[in-house]
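The listed protein sequences derive, respectively, from chains A and B.
Residues 198 to 444 (my numbering) make up the first sequence, in order.
Residues 971 to 1500 (my numbering) make up the second sequence, in order.
Calculated directly from the structure, the hints in this document are not laboratory data.
Glycine included, each C-beta is placed from N, C-alpha and C at the ideal position.
Among the clues, some could well be false.
[To be verified] Pair ranges (Cβ atoms, derived):
#1 T436/A x S1082/B: 20 to 28 Å
#2 L400/A x D1168/B: 28 to 36 Å
#3 P1109/B x V270/A: 26 to 34 Å
#4 L984/B x I306/A: 20 to 28 Å
#5 D268/A x P1109/B: 17 to 25 Å
#6 S1081/B x Q329/A: 45 to 53 Å
#7 I1008/B x L400/A: 54 to 62 Å
#8 L1049/B x F208/A: 52 to 60 Å
[Claimed, not checked] Far from chain A by the CB rule (all over 12 Å, computed), these chain B residues:
#9 F1007
#10 G1024
#11 P1037
#12 V1080
#13 S1081
#14 V1084
#15 I1091
#16 L1106
#17 P1109
#18 L1311
#19 N1348
#20 K1455
#21 A1487
[What the hints assert, rightly or not] Capping the alpha-carbon separation at 20 Å, the derived lysine to any residue pairs in SDA-like fashion look like this:
#22 K244/A x H393/A
#23 K244/A x Q293/A
#24 K217/A x F430/A
#25 K200/A x D271/A
#26 K200/A x D403/A
#27 K1258/B x A1422/B
#28 K382/A x Q415/A
#29 K1094/B x S222/A
#30 K1094/B x Q275/A
#31 K1094/B x E251/A
#32 K244/A x S1082/B
#33 K244/A x K1258/B
#34 K244/A x Q1098/B
#35 K1094/B x K217/A
#36 K1094/B x F208/A
One letter stands for each residue in the lines below.
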Amino acid sequence: MIKLTHIFKSFDGGRSYAVKDLSLSVGKGETLVLLGSSGCGKTTTLKMINRLIEPTQGIIEVGGKDVMDYDPVDLRRQIGYVFQGIGLFPHMTIEQNVEIVPRLLGWSIRSRQERMRELLDLVGLPAESFAQRFPDELSGGQQQRVGVARALAANPTYLLMDEPFGALDALTREALQQELLNLKKQLKKTIVFVTHDLHEALLIGDRIAILHEGNLEQIGTKKDILDTPATQFVQDLFTIKRPGTLT
Amino acid sequence: MSLDAVVTYVVERLPELWLRTGEHLMLTGCSTLAAMFIGIPLGILIFRTTWLRGPLMGVIGILQTIPSLAMLVFLLALLKKIGVLPALIALTLYALLPIARNTLTGLEEVSSEVMEAAQGIGMKEYQQLMMVRIPLAAPVIVAGIRTAAVVGVGIATLSAFIGAGGLGQFINRGLALANTNLILLGAIPAALLAVVVDFSIGAFEWGLRPERKKDKKGSLRRLMRRLAFVLPVAIVLISMLTYFTKPGWISKTAAQLKSGNKVVRIGTKNFTEQIILGEMMAQLIETKTDLIVERRFNLGGTMICHGALVNGEIDLYAEYTGTGLTAILKHPVIPDPEEALNHVTRAYHERFDAQWLKPFGFNNTYALTVREADAKKNQWNRISDLVNMAMEMRAGFTAEFAERPDGYPGLRRIYGLRFGEVRDFDPALMYEAVVKGEVDVVCAFATDGRIAAYHLVPLKDDLNFFPPYHAAPVIRENILKTHPKLGDVLSLFGGLIDNATMQRLNFEVDGKKRKTAEMVEEFLKAKGIL
Chain A
198 MIKLTHIFKS FDGGRSYAVK DLSLSVGKGE TLVLLGSSGC GKTTTLKMIN RLIEPTQGII
258 EVGGKDVMDY DPVDLRRQIG YVFQGIGLFP HMTIEQNVEI VPRLLGWSIR SRQERMRELL
318 DLVGLPAESF AQRFPDELSG GQQQRVGVAR ALAANPTYLL MDEPFGALDA LTREALQQEL
378 LNLKKQLKKT IVFVTHDLHE ALLIGDRIAI LHEGNLEQIG TKKDILDTPA TQFVQDLFTI
438 KRPGTLT
Chain B
971 MSLDAVVTYV VERLPELWLR TGEHLMLTGC STLAAMFIGI PLGILIFRTT WLRGPLMGVI
1031 GILQTIPSLA MLVFLLALLK KIGVLPALIA LTLYALLPIA RNTLTGLEEV SSEVMEAAQG
1091 IGMKEYQQLM MVRIPLAAPV IVAGIRTAAV VGVGIATLSA FIGAGGLGQF INRGLALANT
1151 NLILLGAIPA ALLAVVVDFS IGAFEWGLRP ERKKDKKGSL RRLMRRLAFV LPVAIVLISM
1211 LTYFTKPGWI SKTAAQLKSG NKVVRIGTKN FTEQIILGEM MAQLIETKTD LIVERRFNLG
1271 GTMICHGALV NGEIDLYAEY TGTGLTAILK HPVIPDPEEA LNHVTRAYHE RFDAQWLKPF
1331 GFNNTYALTV READAKKNQW NRISDLVNMA MEMRAGFTAE FAERPDGYPG LRRIYGLRFG
1391 EVRDFDPALM YEAVVKGEVD VVCAFATDGR IAAYHLVPLK DDLNFFPPYH AAPVIRENIL
1451 KTHPKLGDVL SLFGGLIDNA TMQRLNFEVD GKKRKTAEMV EEFLKAKGIL
């Protein structure tokens, strides 16, 4: 379980806030989508969960423990992270990329290899033909699958995904979204998923948190949000632009 | 020179070429390696410690702007040693800037997205550095090493000035003897060496890149990658092999060294007359005693020779009374030759534990020298004749003459001479310059063979300004004590060579391009002392 309590974040010493008084929680095995346009604070919120950014004020708990009580390195190794713009290591093979977290955790070579094969199969990139390649030899969609495989490698309880499909073309994106839905069912991870794509949010999220200029406009299931929009902003979002995209 | 002649010329010198190339590679290789071990950690340090960046890069940058020769001389003074050590230190300092700077740039240029990923998946700081940042910066770092090595090959040619050997030795000797072939014998291999070094480090970097799936196993490409990887290692090994297997007379000397014989090290400055005198003393000692002579010729100037003598790096070289008096002892000019010799003899004994032996006989004083045609046209006979026209004249002086109190500064004071323009020249190039009309007056040496050969006229020193410059062997008293016979042998030279003879001998080498050793042997035999 991930729980945020009255989180504030300012990057300029309090003149303005990227995130204002945000409280929310993500239940075990649940997928929460943070939806919003760029600059709404969604990525900042995500990064605060694994301490890539630290909140100015407020408490974040992961598994019932304040993240500030974790060693940041240990914390991050327990949380899978899929980066916006992929973030694979260009000098490592696909195999090395997927194995990196288990390697950092000191797994034996054999169990690393086993895990790597399993994961590459899971994301549809058979190890025989892909393990020895380098990221720049793969298409964008294939690279992002590797990104997902890398995030899952150490079998983390939590998965943070920062617009993982944002840079992909529409067809590839849809395919990957479907695959993610399947994975979700198989793996039962607690997932926080950031996107600016309404359609994607409605498709993937068990619940959706709508952020606007650092404020939480509404949090709820697809049905809650569509039937009873909490604010004017949320209502406009789904009447004017549906099923479009925030930019 | 016909092709045949070129081949013979090179083949004759092949053993020495081999040795010098080895030395050159050794100098460049060791200094680049040392600079890597210092520069890369330094680059990493200033990457992580931002406030250190400005000051450290500033210091390294300043080191880079020190002229190479000045740096060598400075280190010489600091270490009180000639030879490989100061050369290596200087080369290392020069190699530091490109390596440290490229390390810093390479580390900075790694994309922040990748670094965030490294942090986000839970790498510790040193893991981020070692597993991601440094590998990704490697191509830029290697490019810096490459620059350093190529520049190093160039600068290493200068280390011959302080007796560290290398291909610069040919260039130096060529300059000293006005012998273009010798210069090229050093310069061409040095240029080739730079290309080879550049290529092999480039290949190394190529071999370092991760292997792609498309490089199939067993393919030619793959084999080449292996080779590329080995290339620089091979070059270093070859250079070490070269360095330690000194061929020809060098190996003979080494063998004799091991047999327990004592060695006399003879130095010379970097011009023809010095080399002839050095060779004469060497041959005489080799014939008349059972001592082994080590020739440390072509050291870059008076102060370097003197420093080497005082610090026991050489045992013996030929010095001129006037130079000893004014340049080394900083004593005012003593016009009387006898008195001047007595003074330096006394002072050297007291201050440097060195002994002046009997002078060779000639007086190699400075002579302001002009073209014969100009002299006739303007009726110039004495230095005083120049005074009125000096402002319209261009003078070409050696760097030493331009600064020494018994050189241009003194001339200005005593004669009131002020030339319109003064340019510094290497001694060998100075004569060319006056012949070609690039300058109008030069500070020739009275015994230089080129004065007659190039139709130049020395002007009479009518105010007796130039001090006497009688050449004599200067020797460390220590070695004279262990081998008293040396003094007797060297005194055979006393009064043997007058000005005309020295001019002729110089011209044999400068003008007729004869080999010094051969010519010296002939001369000494003709004089009946060999």
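Evaluated hints:
For T436/A paired with S1082/B, a C-beta distance near 39 Å fails the hint of 20 to 28 Å. Hint check: L400/A to D1168/B, Cβ distance near 56 Å, so the stated range 28 to 36 Å is violated. The given range of 26 to 34 Å is respected by P1109/B and V270/A, whose C-beta atoms sit roughly 28 Å from each other. Taking 20 to 28 Å as the suggested C-beta distance range, the pair L984/B and I306/A does not conform, at roughly 54 Å.
As the Cβ distance of D268/A to P1109/B is approximately 34 Å, the hint placing it in 17 to 25 Å is violated. At roughly 24 Å, the beta carbons of S1081/B and Q329/A sit outside the given window of 45 to 53 Å. The beta-carbon spacing between I1008/B and L400/A, approximately 57 Å, falls within the hinted interval of 54 to 62 Å. Between L1049/B and F208/A the beta carbon distance is about 54 Å. The supplied range of 52 to 60 Å therefore holds.
F1007/B, annotated as away from the interface, keeps every beta carbon of chain A farther than 12 Å; the closest lies near 23 Å. No beta-carbon of chain A is positioned within 12 Å of the beta-carbon of G1024/B; the least distance is around 26 Å. Consistency note on P1037/B: stated as away from chain A, and its beta-carbon is indeed over 12 Å from all of that chain's, at 41 Å minimum. Distance check on V1080/B: its Cβ comes as close as 10 Å (rounded) to a Cβ of chain A, failing to clear the 12 Å threshold; non-interface status is violated.
Residue-level check failed: S1081/B sits 9 Å from the nearest beta carbon of chain A, not beyond 12 Å. Distance check for V1084/B against chain A: the nearest CB is about 6 Å away, which does not clear 12 Å, and the non-interface claim fails. Look at I1091/B: its CB is around 5 Å from the nearest CB on chain A, not clear of 12 Å, so calling it non-interface is violated. The claim that L1106/B is not at the interface with chain A is violated, since a C-beta of that chain comes within 12 Å of its own (minimum 6 Å).
Under the 12 Å C-beta cut-off, the non-interface status given to P1109/B relative to chain A is violated; the minimum distance is some 10 Å. The Cβ of L1311/B lies farther than 12 Å from every Cβ of chain A, with a closest approach of about 72 Å, so its non-interface assignment holds. At roughly 75 Å from the closest C-beta of chain A, the C-beta of N1348/B stays outside 12 Å, upholding its exclusion from the interface. The beta carbon of K1455/B is kept farther than 12 Å from every beta carbon of chain A, the shortest such distance being approximately 69 Å.
Residue-level check passed: A1487/B sits 58 Å from the nearest beta carbon of chain A, beyond 12 Å. A distance of roughly 16 Å separates the Cα atoms of K244/A and H393/A; the hinted pair therefore holds under the 20 Å criterion. Simply put, K244/A and Q293/A have alpha-carbon atoms about 24 Å apart, too far for the 20 Å limit, and the pair is violated. Annotation: proposed proximity of K217/A to F430/A holds, straight-line Cα distance about 17 Å (limit 20 Å).
This hinted pair checks out: K200/A and D271/A have alpha carbons roughly 18 Å apart, not beyond 20 Å. For the hint pairing K200/A with D403/A, the CA-to-CA distance comes to about 16 Å; that is within 20 Å, so the pair holds. As the CA atoms of K1258/B and A1422/B are separated by approximately 34 Å, the hinted pair breaks the 20 Å bound. Of the pairs offered as hints, the one joining K382/A and Q415/A is violated, with about 26 Å between alpha carbons and a cut-off of 20 Å exceeded.
About 28 Å separates the Cα atoms of K1094/B and S222/A, which puts this hinted pair outside 20 Å; it is violated. The suggested pairing of K1094/B with Q275/A holds, with an alpha-carbon distance near 14 Å, which does not exceed 20 Å. Note on K1094/B and E251/A: the hinted pairing holds, with a Cα-Cα distance of about 17 Å set against a maximum of 20 Å. Proposed proximity of K244/A and S1082/B is supported: the alpha carbons are some 15 Å apart, at most 20 Å.
A distance of roughly 87 Å separates the Cα atoms of K244/A and K1258/B; the hinted pair therefore is violated under the 20 Å criterion. Pair hint K244/A plus Q1098/B holds up; C-alpha atoms about 18 Å apart against a cutoff of 20 Å. Taking the CA atoms of K1094/B and K217/A, the gap is about 30 Å. The hint is violated against a cut of 20 Å. This hinted pair does not check out: K1094/B and F208/A have alpha carbons roughly 24 Å apart, beyond 20 Å.
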